[in-house]
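Enquirer: Letter by letter, the chains look like this.
There are 2 protein chains.
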Amino acid sequence: MIQINENYKKLQASYLFVEIAKRVAEFQKKNPDKSIIKMGIGDVTKPLPEACLKAFHDGVDEMAGEASFKGYGPEKGYEFLRQAIAENDFHSRGVSITANDIFVSDGAKCDTGNFQELFSNSSRVAIPDPVYPVYVDTNVMAGRSGVAKGSRYEGFQYMEGSEANGFVPGPEGVEADLIYLCYPNNPTGAVATKEQLQKWVDYALKNKALILFDAAYEAFITDPEIPHSIFEIPGAEKVAVEFRSYSKTAGFTGTRCAYTVIPASCVVWDAEGNEYSLQNLWNRRHSTKFNGVSYPVQKAAAAIYTEEGKAQVKELIDYYMNNASIILKKMKEAGFSCTGGVNSPYIWVNTGRDSWETFDMILNKAAVVLTPGSGFGQCGEGYIRISAFNSLENVEKAMDRITKALKS
Amino acid sequence: MIQINENYKKLQASYLFVEIAKRVAEFQKKNPDKSIIKMGIGDVTKPLPEACLKAFHDGVDEMAGEASFKGYGPEKGYEFLRQAIAENDFHSRGVSITANDIFVSDGAKCDTGNFQELFSNSSRVAIPDPVYPVYVDTNVMAGRSGVAKGSRYEGFQYMEGSEANGFVPGPEGVEADLIYLCYPNNPTGAVATKEQLQKWVDYALKNKALILFDAAYEAFITDPEIPHSIFEIPGAEKVAVEFRSYSKTAGFTGTRCAYTVIPASCVVWDAEGNEYSLQNLWNRRHSTKFNGVSYPVQKAAAAIYTEEGKAQVKELIDYYMNNASIILKKMKEAGFSCTGGVNSPYIWVNTGRDSWETFDMILNKAAVVLTPGSGFGQCGEGYIRISAFNSLENVEKAMDRITKALKS
Chain A
1 MIQINENYKK LQASYLFVEI AKRVAEFQKK NPDKSIIKMG IGDVTKPLPE
51 ACLKAFHDGV DEMAGEASFK GYGPEKGYEF LRQAIAENDF HSRGVSITAN
101 DIFVSDGAKC DTGNFQELFS NSSRVAIPDP VYPVYVDTNV MAGRSGVAKG
151 SRYEGFQYME GSEANGFVPG PEGVEADLIY LCYPNNPTGA VATKEQLQKW
201 VDYALKNKAL ILFDAAYEAF ITDPEIPHSI FEIPGAEKVA VEFRSYSKTA
251 GFTGTRCAYT VIPASCVVWD AEGNEYSLQN LWNRRHSTKF NGVSYPVQKA
301 AAAIYTEEGK AQVKELIDYY MNNASIILKK MKEAGFSCTG GVNSPYIWVN
351 TGRDSWETFD MILNKAAVVL TPGSGFGQCG EGYIRISAFN SLENVEKAMD
401 RITKALKS
Chain B
1 MIQINENYKK LQASYLFVEI AKRVAEFQKK NPDKSIIKMG IGDVTKPLPE
51 ACLKAFHDGV DEMAGEASFK GYGPEKGYEF LRQAIAENDF HSRGVSITAN
101 DIFVSDGAKC DTGNFQELFS NSSRVAIPDP VYPVYVDTNV MAGRSGVAKG
151 SRYEGFQYME GSEANGFVPG PEGVEADLIY LCYPNNPTGA VATKEQLQKW
201 VDYALKNKAL ILFDAAYEAF ITDPEIPHSI FEIPGAEKVA VEFRSYSKTA
251 GFTGTRCAYT VIPASCVVWD AEGNEYSLQN LWNRRHSTKF NGVSYPVQKA
301 AAAIYTEEGK AQVKELIDYY MNNASIILKK MKEAGFSCTG GVNSPYIWVN
351 TGRDSWETFD MILNKAAVVL TPGSGFGQCG EGYIRISAFN SLENVEKAMD
401 RITKALKS
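These protein sequences, in sequence, are chains A and B.
Taking our numbering, the leading residue of the first sequence gets 1, the next gets one more, and so forth.
Taking our numbering, the leading residue of the second sequence gets 1, the next gets one more, and so forth.
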């Protein structure tokens with residue numbers, strides 16, 4: 001008899017976005033004339049940069065010629081893209097990552113989800129709260145948790161974010177082998193300083209732990225003191241892996257391209273204490289279960305690193321960050337304590353009351369959809385997440401409506 | 001201490017293509033003037049069909065407009081593509097698969113590799129020999145095998161292909177929960193009849209087993225009596241999953257699009273014997289670890305099902321099948337017993353001597369690269385695989401050279 005992976009039975013249904021969709025649909029049914037503004041989902045809205053579009057078309061044209069046609073590409077990605085990444089995202093910041101350390105993929109969600117496969121099921125896992133649910137769910141599927149109790153699973157260590165620690169919990173009290181960090185954070189928008197990341201790197205070096213660093217939102221960092229990569233921290237090249245994505249940077253959520261960085265010096269161990277190259281392990285996994293990213297998409301991604309591409313991506317980021325600053329200003333004026341919105345497209349607002357209550361109130365009074373913080377974990381209760389990914393017009397309209405709703 | 005998944009230590013290094021590349025490089029170094037023809041790798045060489053190219057460009061153009069821009073798409077794939085698949089690949093053959101049963105992905109390699117995650121690690125696995133190495137390696141990584149002994153792993157059931165059974169081993173003697181089948185077969189080019197597949201379906205129904213059916217080469221079937229889908233077999237909709245790909249059909253090896261079919265009626269069980277919908281289980285996995293295929297790629301794939309697309313794909317298939325028939329004819333004339341080449345782009349040739357010896361002889365005397373059959377498993381010893389994916393000119397040249405080499 002074919003039996004299921006019993007760990008799937010532990011998974012809590014992903015109620016958050018289903019529940020949001022249900023409540024939005026009910027509201028729209030009762031109020032067919034109201035135009036709803038969606039500020040909940042973290043999806044971009046602006047077109048691809050022109051440089052990417054041109055390169056994308058060029059890539060498709062190459063697929064039309066006998067001589068220029070591309071069949072199977074290298075599983076790790078084309079050298080032209082990996083070289084551009086190494087130079088522009090790392091060398092430019094004084095980080096000595098090479099093209100060989102880079103694995104191009106079709107999404108940071110896939111990579112952050114799949115990476116845990118390389119490790120023993122007995123690995124102790126530390127996960128932030130609030131958090132992007134993929135880190136949790138994929139470790140539950142693999143069998144590293146016990147059963148769920150409320151919104152938490154037995155066996156995981158939850159690193160609690162709060163206003164007291166600025167939503168940047170430190171390693172104090174953590175006893176873990178696999179540590180998930182995400183800065184700029186989804187959902188809180190918090191960023192970690194060099195000193196804060198150094199503590200984690202020191203912890204990992206001392207305890208032979210591994211840091212999985214999700215930097216999908218690094219392009220939104222505006223403060224020059226904030227590191228864009230964990231590899232700006234001395235020692236990180238021995239104990240960390242970094243996940244990057246073009247989804248939010250260049251609007252690739254529907255185009256699909258991302259990459260993972262594993263320095264050659266990063267090692268892990270077997271039960272007898274023998275050392276293994278993490279790069280080699282991931283290469284074995286990547287080349288067995290993946291077949292490379294679409295060639296025209298890789299061409300489009302490489303165009304991000306041209307002069308025009310850089311300027312156009314900056315324009316996109318500036319556009320969304322202008323939205324973020326408007327949202328932040330309005331929420332502060334309304335008297336709320338906020339995180340994010342400065343180095344991040346997310347604004348995390350302490351509403352002082354139940355997340356779903358706020359969600360319902362804003363939906364009903366202002367016809368604006370937000371994300372209830374409790375959907376990201378226990379520590380998100382009392383908060384809402386507002387996304388800056390929208391048109392300026394919609395953002396201004398939504399802020400007016402919310403401000404009026406709060407006063408009524 | 002972060003410890004590796006110890007199952008990775010069991011994996012045999014993938015020597016086959018590394019060893020081929022090494023020997024080819026050595027030969028080229030010694031014979032810099034010789035032009036080598038590569039008939040080994042199963043990669044397409046002809047450009048994408050024009051209908052796909054046009055739709056691909058149109059999809060990119062949509063990414064340029066504020067209103068037409070596409071962000072995150074449905075993880076399962078766009079309805080327009082899933083609907084076209086259901087109608088053209090299934091309804092047209094009298095199979096009642098719906099759009100809802102279809103999961104679009106970036107490759108059949110990924111899907112056939114990832115699918116085993118849904119099942120208990122104690123599942124008994126039956127794998128053909130010779131075989132595409134991904135089925136084996138991904139089950140080793142998951143921990144369903146013992147250690148390797150020679151080219152085989154303890155704990156797997158190898159279904160042995162031979163000329164006696166036409167490389168279509170039956171269920172006699174198999175005691176498995178998870179059964180991998182691949183027809184038209186890679187590497188042997190063998191196809192299974194309705195009667196042969198019915199035996200497997202009956203076995204699975206009787207034993208509550210699940211069949212993972214890899215149909216990546218179905219487009220090459222020319223014999224009207226041979227089923228294109230396992231769902232043409234009554235009862236299969238309860239016990240089978242099918243993997244399809246556009247890689248070989250429409251030349252998508254570098255473009256990346258495939259799909260997996262899980263009928264709503266297919267169920268699996270937990271340890272207590274409770275029933276679970278396999279479609280729901282895969283949906284949970286797919287939406288947690290995957291974020292959909294690039295929108296312009298899905299547009300390009302959907303164009304395969306237009307009238308022009310169908311005609312252009314047929315032209316591509318005919319072109320490669322003409323190559324296949326030339327290869328088959330020449331190898332038969334040379335006195336070899338062959339499988340494949342009729343409903344498959346692969347010709348599997350019994351050379352009557354060691355696979356690597358034949359490889360070396362043909363490389364040295366004819367400057368043609370073939371694939372040694374022993375690289376696909378123990379039962380491939382004595383065989384070579386010849387791929388029809390090349391230009392007609394190269395195929396004719398290669399056959400001339402091989403024929404002369406065999407006579408000398």
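To be clear, the hints were calculated from the coordinates, so they are not data collected in a lab.
A few of these clues could be false.
Here are the simulated lysine-lysine pairs, DSSO-like style, with alpha carbons at most 30 Å apart [what the hints assert, rightly or not]:
#  : chain 1 : residue 1 : chain 2 : residue 2
1  : B       : Lys-314   : B       : Lys-22
2  : B       : Lys-314   : B       : Lys-329
3  : B       : Lys-206   : A       : Lys-54
4  : A       : Lys-365   : A       : Lys-397
5  : A       : Lys-238   : B       : Lys-329
6  : B       : Lys-46    : B       : Lys-29
7  : B       : Lys-54    : A       : Lys-46
8  : A       : Lys-54    : B       : Lys-310
9  : B       : Lys-46    : A       : Lys-10
10 : A       : Lys-22    : A       : Lys-310
11 : A       : Lys-314   : A       : Lys-22
12 : B       : Lys-310   : B       : Lys-34
13 : B       : Lys-9     : A       : Lys-206
14 : B       : Lys-38    : B       : Lys-238
15 : A       : Lys-238   : B       : Lys-208
16 : B       : Lys-9     : A       : Lys-208
17 : B       : Lys-329   : B       : Lys-46
18 : B       : Lys-194   : B       : Lys-208
19 : B       : Lys-407   : B       : Lys-34
20 : B       : Lys-329   : A       : Lys-208
21 : B       : Lys-310   : B       : Lys-29
22 : B       : Lys-22    : A       : Lys-9
23 : A       : Lys-238   : A       : Lys-199
24 : A       : Lys-9     : B       : Lys-194
25 : B       : Lys-238   : B       : Lys-332
26 : A       : Lys-310   : B       : Lys-206
27 : B       : Lys-238   : A       : Lys-10
28 : A       : Lys-54    : B       : Lys-54
29 : A       : Lys-9     : B       : Lys-208
30 : A       : Lys-9     : B       : Lys-238
31 : B       : Lys-149   : B       : Lys-194
32 : A       : Lys-9     : A       : Lys-30
33 : B       : Lys-9     : A       : Lys-10
Enquirer: Work down the list of hints and note, for each, if the structure agrees.
Expert: The hints, checked one at a time:
1. Pair hint Lys-314/B plus Lys-22/B does not hold up; C-alpha atoms about 36 Å apart against a cutoff of 30 Å.
2. Proximity of Lys-314/B to Lys-329/B is assessed by CA-CA distance (about 22 Å); at most 30 Å being required, the pair is judged to hold.
3. A distance of roughly 56 Å separates the Cα atoms of Lys-206/B and Lys-54/A; the hinted pair therefore is violated under the 30 Å criterion.
4. At roughly 13 Å between alpha-carbon atoms, Lys-365/A and Lys-397/A fall within 30 Å of each other, so this suggested pair holds.
5. Distance restraint check for Lys-238/A and Lys-329/B: the Cα-Cα separation of roughly 57 Å exceeds the 30 Å cut-off, and the hinted pair is therefore not satisfied.
6. This hinted pair checks out: Lys-46/B and Lys-29/B have alpha carbons roughly 28 Å apart, not beyond 30 Å.
7. Distance restraint check for Lys-54/B and Lys-46/A: the Cα-Cα separation of roughly 23 Å lies within the 30 Å cut-off, and the hinted pair is therefore satisfied.
8. For the suggested pair Lys-54/A and Lys-310/B, the alpha carbons sit about 28 Å apart, so the restraint of at most 30 Å is met.
9. Simply put, Lys-46/B and Lys-10/A have alpha-carbon atoms about 48 Å apart, too far for the 30 Å limit, and the pair is violated.
10. Restraint check for Lys-22/A and Lys-310/A: the C-alpha separation of about 40 Å exceeds 30 Å, so the hint is violated.
11. Of the supplied pair hints, the one linking Lys-314/A and Lys-22/A is violated, its CA atoms being roughly 36 Å apart against a limit of 30 Å.
12. At roughly 39 Å between alpha-carbon atoms, Lys-310/B and Lys-34/B are farther apart than 30 Å, so this suggested pair is violated.
13. A hinted pair counts as satisfied when its Cα atoms are at most 30 Å apart, and Lys-9/B with Lys-206/A qualifies at roughly 26 Å.
14. A C-alpha spacing of about 42 Å is found between Lys-38/B and Lys-238/B, which places the hinted pair above 30 Å, so the restraint is violated.
15. Distance restraint check for Lys-238/A and Lys-208/B: the Cα-Cα separation of roughly 47 Å exceeds the 30 Å cut-off, and the hinted pair is therefore not satisfied.
16. Proximity of Lys-9/B to Lys-208/A is assessed by CA-CA distance (about 20 Å); at most 30 Å being required, the pair is judged to hold.
17. The suggested pairing of Lys-329/B with Lys-46/B holds, with an alpha-carbon distance near 23 Å, which does not exceed 30 Å.
18. Restraint check: the Cα-Cα separation between Lys-194/B and Lys-208/B comes to about 20 Å, which is no more than 30 Å; the hinted pair holds.
19. Simply put, Lys-407/B and Lys-34/B have alpha-carbon atoms about 20 Å apart, close enough for the 30 Å limit, and the pair holds.
20. About 61 Å separates the Cα atoms of Lys-329/B and Lys-208/A, which puts this hinted pair outside 30 Å; it is violated.
21. The straight-line distance between the Cα atoms of Lys-310/B and Lys-29/B is roughly 44 Å, outside the 30 Å bound, and the hint therefore fails.
22. For a cut-off of 30 Å, the pair hint linking Lys-22/B to Lys-9/A is broken: about 47 Å separates their Cα positions.
23. This hinted pair checks out: Lys-238/A and Lys-199/A have alpha carbons roughly 14 Å apart, not beyond 30 Å.
24. Pair hint Lys-9/A plus Lys-194/B does not hold up; C-alpha atoms about 36 Å apart against a cutoff of 30 Å.
25. For a cut-off of 30 Å, the pair hint linking Lys-238/B to Lys-332/B is broken: about 41 Å separates their Cα positions.
26. Of the pairs offered as hints, the one joining Lys-310/A and Lys-206/B is violated, with about 60 Å between alpha carbons and a cut-off of 30 Å exceeded.
27. Distance check on the hinted pair: Lys-238/B and Lys-10/A sit about 25 Å apart at the alpha-carbon level, within 30 Å; holds.
28. In summary, the hint linking Lys-54/A to Lys-54/B is supported, as the alpha carbons are separated by about 15 Å, within the 30 Å threshold.
29. A distance of roughly 20 Å separates the Cα atoms of Lys-9/A and Lys-208/B; the hinted pair therefore holds under the 30 Å criterion.
30. About 21 Å separates the Cα atoms of Lys-9/A and Lys-238/B, which keeps this hinted pair within 30 Å; it holds.
31. The hinted pair formed by Lys-149/B and Lys-194/B fails the criterion: a straight-line CA distance of about 35 Å is larger than 30 Å.
32. For a cut-off of 30 Å, the pair hint linking Lys-9/A to Lys-30/A is broken: about 36 Å separates their Cα positions.
33. Straight-line distance between C-alpha atoms of Lys-9/B and Lys-10/A comes to about 29 Å, which keeps the hinted pair within the 30 Å bound.
Figure legend: structure checked against the earlier numbered hints; hints not met, in rising order: 1, 3, 5, 9, 10, 11, 12, 14, 15, 20, 21, 22, 24, 25, 26, 31 and 32.
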